[in-house]
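Protein chains: 2
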Amino acid sequence: MVLSAPALAQDDDAFYRDMFEPLPALPPIPADNSMTREKIELGKMLFFEPRISSSGVISCATCHNPALGWTDRIPRAVGHLGQEGSRNTPTVLNAGFLEAQFWDGREATLEGQALGPIAADVEMAMDLDQAVARLQEFETYREHFAAAFPDDAEPINADNVAQAIASFERTLNTPNSPFDRYLRGDEGALTEDQIAGMRLFVDVGCASCHNGPVLSDSNYHVFDAPGSEDEGRFVVTGDEADRFAFRTPTLRNVAVTYPYFNNGSVEDLHQAVYMMGDQMLGYEFTDGELDQVVAFLHALTGEMPAITPPALP
Amino acid sequence: MVLSAPALAQDDDAFYRDMFEPLPALPPIPADNSMTREKIELGKMLFFEPRISSSGVISCATCHNPALGWTDRIPRAVGHLGQEGSRNTPTVLNAGFLEAQFWDGREATLEGQALGPIAADVEMAMDLDQAVARLQEFETYREHFAAAFPDDAEPINADNVAQAIASFERTLNTPNSPFDRYLRGDEGALTEDQIAGMRLFVDVGCASCHNGPVLSDSNYHVFDAPGSEDEGRFVVTGDEADRFAFRTPTLRNVAVTYPYFNNGSVEDLHQAVYMMGDQMLGYEFTDGELDQVVAFLHALTGEMPAITPPALP
Ligand code: HEC
Ligand code: HEC
Ligand code: HEC
Ligand code: HEC
Ligand SMILES: [Ca+2]
Ligand SMILES: [Ca+2]
Numbered sequence: 001m002v003l004s005a006p007a008l009a010q011d012d013d014a015f016y017r018d019m020f021e022p023l024p025a026l027p028p029i030p031a032d033n034s035m036t037r038e039k040i041e042l043g044k045m046l047f048f049e050p051r052i053s054s055s056g057v058i059s060c061a062t063c064h065n066p067a068l069g070w071t072d073r074i075p076r077a078v079g080h081l082g083q084e085g086s087r088n089t090p091t092v093l094n095a096g097f098l099e100a101q102f103w104d105g106r107e108a109t110l111e112g113q114a115l116g117p118i119a120a121d122v123e124m125a126m127d128l129d130q131a132v133a134r135l136q137e138f139e140t141y142r143e144h145f146a147a148a149f150p151d152d153a154e155p156i157n158a159d160n161v162a163q164a165i166a167s168f169e170r171t172l173n174t175p176n177s178p179f180d181r182y183l184r185g186d187e188g189a190l191t192e193d194q195i196a197g198m199r200l201f202v203d204v205g206c207a208s209c210h211n212g213p214v215l216s217d218s219n220y221h222v223f224d225a226p227g228s229e230d231e232g233r234f235v236v237t238g239d240e241a242d243r244f245a246f247r248t249p250t251l252r253n254v255a256v257t258y259p260y261f262n263n264g265s266v267e268d269l270h271q272a273v274y275m276m277g278d279q280m281l282g283y284e285f286t287d288g289e290l291d292q293v294v295a296f297l298h299a300l301t302g303e304m305p306a307i308t309p310p311a312l313p
Numbered sequence: 314m315v316l317s318a319p320a321l322a323q324d325d326d327a328f329y330r331d332m333f334e335p336l337p338a339l340p341p342i343p344a345d346n347s348m349t350r351e352k353i354e355l356g357k358m359l360f361f362e363p364r365i366s367s368s369g370v371i372s373c374a375t376c377h378n379p380a381l382g383w384t385d386r387i388p389r390a391v392g393h394l395g396q397e398g399s400r401n402t403p404t405v406l407n408a409g410f411l412e413a414q415f416w417d418g419r420e421a422t423l424e425g426q427a428l429g430p431i432a433a434d435v436e437m438a439m440d441l442d443q444a445v446a447r448l449q450e451f452e453t454y455r456e457h458f459a460a461a462f463p464d465d466a467e468p469i470n471a472d473n474v475a476q477a478i479a480s481f482e483r484t485l486n487t488p489n490s491p492f493d494r495y496l497r498g499d500e501g502a503l504t505e506d507q508i509a510g511m512r513l514f515v516d517v518g519c520a521s522c523h524n525g526p527v528l529s530d531s532n533y534h535v536f537d538a539p540g541s542e543d544e545g546r547f548v549v550t551g552d553e554a555d556r557f558a559f560r561t562p563t564l565r566n567v568a569v570t571y572p573y574f575n576n577g578s579v580e581d582l583h584q585a586v587y588m589m590g591d592q593m594l595g596y597e598f599t600d601g602e603l604d605q606v607v608a609f610l611h612a613l614t615g616e617m618p619a620i621t622p623p624a625l626p
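For the protein sequence lines, the chains are H and U, in the order given. Quick note on the numbering used here: the first sequence kicks off at 1 and runs consecutively. Quick note on the numbering used here: the second sequence kicks off at 314 and runs consecutively.
In case anyone wonders, no lab produced these hints; they're calculated from the structure. Accuracy of the hints is not assured; some may be wrong.
[Said to hold, decoys possible] Derived list of chain H stretches under chain U, where covered just means 3 residues or more per stretch with a C-beta under 8 Å from a C-beta of chain U:
#1 73 to 82
#2 304 to 310
[Unchecked claim] Some, not all, of what chain H presents toward chain U, calculated at C-beta under 7 Å:
#3 19
#4 48
#5 52
#6 55
[What the hints assert, rightly or not] Among chain U residues calculated to face chain H with C-beta under 10 Å, some are:
#7 327
#8 330
#9 335
#10 362
#11 368
#12 372
#13 378
#14 381
#15 382
#16 394
#17 396
We put the beta carbon where it would ideally sit given N, CA and C, even for glycine.
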């Protein structure tokens, strides 16, 4: 549904608030991967572990860098041997709330996602069996896997690597943004411009795709990012309607996850918002409106997880 | 001076203790780079900043990784475009206590050292002017440089980058190792094996080169690491006596900074110690002695600095 602007323009604060929901403390936890302290701790080690890459120096944290909003802030990811991939690195912050992973949604869950980058030639370029064998060499990992997966006779295996990483990722959430505080009743948490921006966001129709706790419908929509030849969801489904369609990204922390779009082609948030209005909704923002929407998007920056680097063996 | 084993074998604990000194809280601070909170904070940002590399993904912390004892735990460093350098990455922990930086001592100070890796083709491969220009683009950096260098009209320059990084590095010390506690009078801080290892370390003559607060004389000694063709200090001085001579590395945290030697050719600490005895002192350790010396070296692992990744702009 694309809502037309005038139809929804209302003055009722409660109406706008009800369009959104504050970020829950945790994303949904799958029944077959309960979250335990041991798994989270192990997952954190693996997330920062460069020795499961073939060069020995690239870890998940290389591209999903905690110092850079858990992304890399370059247009397209740079991985093994400095090769540039074709897509922008999304943040892993709040990724547990997405119902489809990757720009093309080719994995449904964080568990399904986690092994991809280890093996991918342009990312960590490591044979999975070798990665598992490498981990088995370390007594510390043998202990941590045994503690995290006490029912498994041979706990160090690829599935458990994925389960542990996914459990850690589910802790990487950013609660208490100004917007969350506002939604919980703290009127002063947003500036007037931010409130105006929130109203525009609803009235113009952004919330038709950017909705739910992380402002993403986890669905696919055609978008023509400058310079992108990526066929997006089509690569997965082969369905003509999916050609150049991308999964709606989260807008939480979008102010710190520049550059924007599937190929990182746009650095400026004003421009990204302008293009969304134009292409997705046929709406041309004025400069003043752009400032307000961008101010609103800044209110979506939450508290970063306080992660200290693990002590690896 | 190389002390022969029997000459020094004594039973007096105080004698052995007096051969060493606990790690001071801070290394010497140069008169022209006073340590301020603002410089340290800025230096931390720069240490973790990948956008001053030409690929945009390599920072000091890539090779001096806090999760890996502030080194990379691979034989030879891997940098720009996955190129392998020829030398093992030393830890930056306690580097402020060394009077010569790099395996060949080609820089005397951390300030002199800091810009090298940014520009080095196999490390970050970035033109220094470009690195400075990149930093100038960020308002956050403009503010931080101005706060750290309030007397400078144009505070964002290469010298100040070096000063800030060096100031941060001087905070990366590892006090309170079991050995430090022992030296301060806590008899129980070392096991019997570790005390025996400490005595051997003195009696056999290791302390003739590995002395002072970080167990390094910051001086050069010829050593033939397996497979190394590196001419070491000779490259700097052109002096025949310096061919294949390397600066004595710190032994603090040596248990967590494997692999060993200038080319990272030895993974096992027992073997490294055996080779030191053999080549440097003509002394052949028994297996039991090796265990004791290695146990002692494990007592040199101190408290890691509790660093959280900075929030970069
Ligand atoms: C070389 C850079 C690089 C490395 C290393 C890397 N990633 Fe990614 N990551 C990316 C890119 C690029 C994408 C988007 C790929 C796509 O959509 O096809 C991505 C996507 C993701 C996503 C989906 C997020 C979303 O919004 O769809 C998650 C989760 C993720 N990575 C986690 C990890 C984990 C876990 C590791 C380590 C096992 C890892 N990444 C290693 C670059 C990297
Ligand atoms: C029809 C669905 C839809 C609508 C309506 C929509 N978006 Fe999007 N949005 C998307 C999709 C899909 C992407 C990813 C496009 C890409 O990168 O190829 C996206 C990307 C973005 C991005 C970049 C995020 C990033 O991390 O790269 C921003 C910012 C954004 N949208 C804001 C808005 C705003 C503001 C509006 C209203 C003016 C809006 N969107 C309307 C689906 C939509
Ligand atoms: C690509 C890997 C890599 C990167 C990036 C890197 N270093 Fe190093 N570092 C090394 C290697 C290898 C050496 C030893 C080189 C030699 O001795 O010639 C070294 C040596 C050092 C030393 C001397 C330590 C000693 O015991 O002699 C310091 C201090 C240091 N680096 C700090 C830094 C800083 C600061 C940065 C970022 C500005 C940085 N390094 C970036 C690999 C790297
Ligand atoms: C004559 C000086 C000298 C003596 C004596 C000496 N060392 Fe060393 N030590 C060095 C130098 C120089 C290196 C670096 C060699 C290289 O990598 O090329 C080194 C390296 C080491 C290393 C590897 C450190 C690292 O991080 O790579 C260990 C461990 C070590 N020494 C322990 C000992 C022990 C134990 C003894 C006594 C048995 C000893 N050393 C005697 C000078 C000495
Ligand atoms: Ca982005
Ligand atoms: Ca080493």
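Status of each hint after checking the structure:
For the region 73 to 82 of chain H, the assignment as covered by chain U holds, since 6 residues bring a beta-carbon within under 8 Å of that chain's beta-carbons and 3 suffice. Figure legend: the region 304 to 310 of chain H, annotated as covered by chain U; annotation consistent (6 residues with Cβ-Cβ distances under 8 Å, at least 3 required). For residue 19(H), the interface hint is violated, since its Cβ never comes within 7 Å of a Cβ in chain U; the closest pair sits about 30 Å apart. Satisfaction of the interface hint for residue 48(H) is found here, the shortest Cβ-Cβ separation to chain U being roughly 5 Å, below the 7 Å cut-off.
Below 7 Å, beta-carbon pairs count as interface contacts, and residue 52(H) has none with chain U, the closest being about 13 Å; its hint is therefore violated. Satisfaction of the interface hint for residue 55(H) is found here, the shortest Cβ-Cβ separation to chain U being roughly 5 Å, below the 7 Å cut-off. The interface hint given for residue 327(U) is broken, as the beta carbon of that residue sits about 34 Å from the closest beta carbon of chain H, more than 10 Å. Look at residue 330(U): its Cβ only gets to about 29 Å from chain H, farther than 10 Å, so that hint breaks.
A cut of 10 Å between beta carbons decides the hint on residue 335(U): the least distance to chain H is about 23 Å, and the hint is violated. Here the hint on residue 362(U) is kept, as its CB sits about 8 Å from the closest CB of chain H, short of 10 Å. Against a cut-off of 10 Å between C-beta atoms, the interface hint on residue 368(U) holds, since the closest Cβ of chain H lies about 5 Å away. A cut of 10 Å between beta carbons decides the hint on residue 372(U): the least distance to chain H is about 8 Å, and the hint holds.
Interface hint status for residue 378(U): upheld, as the beta-carbon distance to the closest one in chain H is roughly 7 Å, under 10 Å. Checking residue 381(U) against chain H by beta carbon gives a least distance of about 5 Å; that is within 10 Å, so the hint holds. Residue-level restraint check for residue 382(U) holds (minimum Cβ-Cβ distance to chain H is 8 Å; threshold 10 Å). Hint status for residue 394(U) relative to chain H: holds, with the closest Cβ pair at about 4 Å, below 10 Å.
With a cut of 10 Å, the hint placing residue 396(U) at the interface with chain H holds, because the nearest CB-to-CB distance is about 8 Å.
Hints 3, 5, 7, 8 and 9 from the list above are not met by this structure, while the remaining hints are.
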